[in-house]
Amino acid sequence: MSETQVKLPDTNKLVISSSPHIHEPNSSVPRIMKLVLLALLPASLASIWVFGLRALWLILVTTVSAVAIEALCNRVMKQKLTIGDCSAAVTGLLLALNLPPMVPTWVCIVGAAFAIILGKMVYGGLGYNPFNPALVGRIVLLLALPTIMTHWTKPVVPKTPTYVASAKLEENASDAAKTAQAEVKKEAEDKKQGGFLQHFTWTREADAKTQATPLAIQKQAPVQGVNKGYVVTSATPNKPFIQTNYTCMDLFLGNIPGSIGETSKLAILIGGLFLLVLGLIRWQVPVFYIGTVAVISAIAHAVSPEAYSPALVEILSGGLFFGAFFMATDMVTSPLTKTGAIIFAIGCGVINSVIRLWGSYPEGVTFSILLMNALTPLIDKCTAGRPFGALPHKKEAK
Amino acid sequence: MSTFLQKFFYGGIHPDDRKVSKESAIQEAPLFPTYTVPLSMHIGAPAKPVVKPGETVLKGQLLAEAGGFVSAPIHSPTSGKVGPIASCVGPMGNLIPCFTITSDGNDTAAEPMPALDPKESSPADLKKRVGDAGIVGMGGASFPTLVKLSPNKPVDTLILNGVECEPGLTADHRLMLEDPETILAGATACATILGVKNVYVGIEANKPDAIAKMQSLASKYGVQVCELRVRYPQGAEKQLIYAVTGRKVPTGGLPMDVGCVVSNVGSCAAIGEAVLQGKPLYERVTTVTGRPVVNPSNWRLRVGTTYGQAIALAGGVSEDPAKIISGGPMMGFTVYSLDVPIMKNTSGILLLGPEELHQFEYHPCIRCGRCNDHCPMQLMPATLGTTAENARYDLAEAWNATDCIECGCCSYVCPSHRPLVQFIRRAKADIMTRRRAAAAAAKAAAAPKPEPKPEAPKPADAPKPEAK
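Residue numbers (the working numbering), protein chains in the order written: chain A, 11 to 408; chain B, 1181 to 1648.
Calculated directly from the structure, the hints in this document are not laboratory data.
A few of these clues could be false.
Claimed, not checked - Computed, partial: chain B to chain A, Cβ under 10 Å:
#1 Gly1247
#2 Gly1248
#3 Val1250
#4 Gly1285
#5 Ala1289
#6 Met1293
#7 Met1436
#8 Ser1498
#9 Leu1532
#10 Glu1536
#11 His1543
#12 Glu1577
#13 Asn1580
As the list claims (entries may be wrong) - Far from chain A by the CB rule (all over 12 Å, computed), these chain B residues:
#14 Gly1234
#15 Leu1242
#16 Asn1286
#17 Lys1299
#18 Asp1336
#19 Pro1430
#20 Gln1489
#21 Gly1508
#22 Glu1586
#23 Arg1606
Think of the CB as a built atom: it goes at the ideal place given N, C-alpha and C, for glycine as much as any other residue.
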């Protein structure tokens, strides 16, 4: 080959930059956020299955308003549009999944506004917020509108036939349990007659049946007995609403009252495992959070079985799974280090259990995560690793 | 296979290794009409010229002698006429003084230095030979090997660095396959100089042929081959020492603090040639690779060959590259001229096509912690990046910025595309300037003082970074 045929680089097209010159492929903030949205898909679908199209409506309204409010903030703050990073959509969806099914539409918008403005934009946007924005939105709503935010309704899905079948096995169950079962059976038949149309409740139902969440039940009157994973709640005359019983399977599948996204632990697990496999969340957070709650509940139950529910019921109730997989793992507001993540998760678990077992609120997930968010910088500072090869006690010697 | 010490160092990344030229045998480059030989191809004082412009020199003849203890002599890559001392663009973009050697076409070699025996010759003779041959660290840092072989602390281990963890580069790999005996002879000479018994060769597990080759010669030369995990930056000195011996080089310390000396296999081959053949270091194996390169290949190039000539040897380019990198993609330097000369430490010339150009707008840190998980020095790059971004270099110092080895793993993994290692470099530069100023002030204060000297600048007085 002669010299003339060889093409040499055009030096005018060369770029000068500091190393490294390569970047990990497919790694960007929008991609992470889109994957989180994808991971929330099972929980969103489950919410629609459990609470009907009302859930879909809440999800759409909250997510769209969160994105719109962020765009508005960008405009007012004369920033570049940041909705492209999809973090506003994640915040909106997380908030939506944390709402009770029958909240009015305006509450969704107010909640999204507080989440985005007070939770994120006042600090300078994504990355600078000390608290989880979705939880900020939720806590504002919970404190300002306690009645609306604790208005729980029955799921629209009828009880599963397996449940009824297993109920038949309970020959020796207490009268209360039998009454409860009979009610459930009757209700299931009602629902079946209502058919699939039950799902199409777009608007707020005036006659939506109020029903306490399992946690509220436990708070009012503790679980009386557990047989074969069968949770029977006491029916006391002065607390007439405590007449529902849930199996652990119900708690797991999500066929229970609660915030729309938090009820189905199965769906949350699918999404959470997806995030774990992709390495987007640290396994330490859900494992230690749920583990701590389980241990404390188990101890409490062992000490006083009449007063406290068993560990399995405790961890499957309320928003613990949702919080542990999707809220406490929020990158911006949780510690950077692995050790820090463990401390953070254990702290969340302890605060959550304390609130649940001895506090005045039935649920403590929101408070526990927000409180630990406040401690995150401190945890980071305390758990910062020594550099590789650091001399022992070098700092003290200084 | 000797996998006895596959220790995991903390963190690191595993980029696509891009080693397309690993099957390409080392080729001899033809003689070029001129060579641009820089006077400073090493860390430390530039070499002092001993020939005058217009003088005729032979291949391997001394052009410049070491300009100090931390320095290295420079030899002519061919026979011909020495031009006036001019300046040329170095790989880091700065102008460096250089000789221009105009070849006479005969390539007449000077009388080689007498051959030595790597095992039997006296350590002093061998050491002098390493110095006279102008050997420097050929893995990239170009630290004069003579200095490395003169530790002032007891040393019991010599580690040969055959890791070559930078994506794309295959020069050391080919050298280990094609010339293992010279490498091991050089290693034996180093061991004799240092008086050490333990000699290890660290090779990443993705080069099984090189491991097998070295293994077959291991007992003959009394070395142990360590198959190492494929993980960038496995070839970083501190990480390599930890992987092979389990020892941790203390913060701010040198390998000799833990009784180790690390030498690149390329340097060992050069030492081997200097000892066995009396040949000074004026050529090296360099990889010319990258997607735009027509024939990614390995070449034995003389010092002073230009990048343009080297790229032409590899068949030129099929498209205009976006970057020409001296070294590998993780730690190499981009060059803007084809006239940059090959130096003693040019392990590779990597070209990146326009589609491989990664230019990003960076975003705020989302604290995902990935940099933290991947930092081989167990630092907190996220925190360091934020402090340096805000010109709080005092805080960066408190967060151990000076321990950064600038491997670039943090920037590689950052989903916000933050230039973390670049931020940290800026912080390090500032901290070093400040420390030097403080040291100078302390020295001035210690000297008989005619009047009180100003204090060392306070952290708050740190100069603001230039406008972005």
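Okay, the hints, checked on the actual structure:
1. Look at glycine 1247(B): its Cβ only gets to about 28 Å from chain A, farther than 10 Å, so that hint breaks.
2. With 10 Å as the threshold, the beta carbon of glycine 1248(B) stays out of range of chain A, its nearest partner Cβ sitting at about 29 Å, so the hint is violated.
3. Restraint check, valine 1250(B) versus chain A: the minimum CB separation of about 23 Å is more than 10 Å; hint violated.
4. Of the supplied interface hints, the one on glycine 1285(B) is violated, with its beta-carbon coming no nearer than about 17 Å to a beta-carbon of chain A, more than 10 Å.
5. For alanine 1289(B), the interface hint is violated, the least distance from its beta-carbon to any beta-carbon of chain A being 27 Å, above 10 Å.
6. Because the beta carbon of methionine 1293(B) sits about 36 Å from the nearest beta carbon in chain A, more than 10 Å, this interface hint is broken.
7. Using the Cβ-Cβ criterion of 10 Å, the hint placing methionine 1436(B) at the interface with chain A is not satisfied: the shortest such distance is roughly 14 Å.
8. A least Cβ separation of about 7 Å between serine 1498(B) and chain A falls short of the 10 Å threshold, and the interface hint therefore holds.
9. The criterion of a C-beta within 10 Å of any C-beta in chain A is met by leucine 1532(B), whose closest approach is roughly 6 Å, and the hint holds.
10. A distance limit of 10 Å between C-beta atoms decides the matter here; for glutamate 1536(B) the minimum to chain A is near 7 Å, and the interface restraint holds.
11. Given hint, histidine 1543(B) at the interface with chain A, holds; its Cβ is 6 Å from that chain's nearest Cβ, closer than 10 Å.
12. Look at glutamate 1577(B): its Cβ only gets to about 12 Å from chain A, farther than 10 Å, so that hint breaks.
13. Satisfaction of the interface hint for asparagine 1580(B) is found here, the shortest Cβ-Cβ separation to chain A being roughly 5 Å, below the 10 Å cut-off.
14. With a minimum CB-CB distance of about 29 Å to chain A, glycine 1234(B) clears the 12 Å threshold, and the non-interface call stands.
15. Every C-beta of chain A lies more than 12 Å from that of leucine 1242(B), the closest at about 32 Å, which supports listing it as non-interface.
16. No beta-carbon of chain A is positioned within 12 Å of the beta-carbon of asparagine 1286(B); the least distance is around 22 Å.
17. Non-interface status of lysine 1299(B) relative to chain A is upheld: no Cβ of that chain comes within 12 Å, the nearest being about 33 Å off.
18. For aspartate 1336(B), the non-interface assignment is confirmed: its Cβ lies about 18 Å from the closest Cβ of chain A, beyond the 12 Å cut-off.
19. Annotated as non-interface, proline 1430(B) brings its C-beta within 12 Å of a C-beta of chain A; the closest such distance is 5 Å.
20. The non-interface label for glutamine 1489(B) is inconsistent with chain A: the shortest C-beta to C-beta separation is roughly 9 Å, within 12 Å.
21. Non-interface call for glycine 1508(B) relative to chain A: violated, since the shortest CB-CB distance, roughly 8 Å, does not exceed 12 Å.
22. Once the 12 Å rule is applied to beta carbons, glutamate 1586(B) is inconsistent with being away from chain A; the minimum gap is 8 Å.
23. Its closest Cβ contact with chain A, about 10 Å, brings arginine 1606(B) to no more than 12 Å, contrary to its assignment away from the interface.
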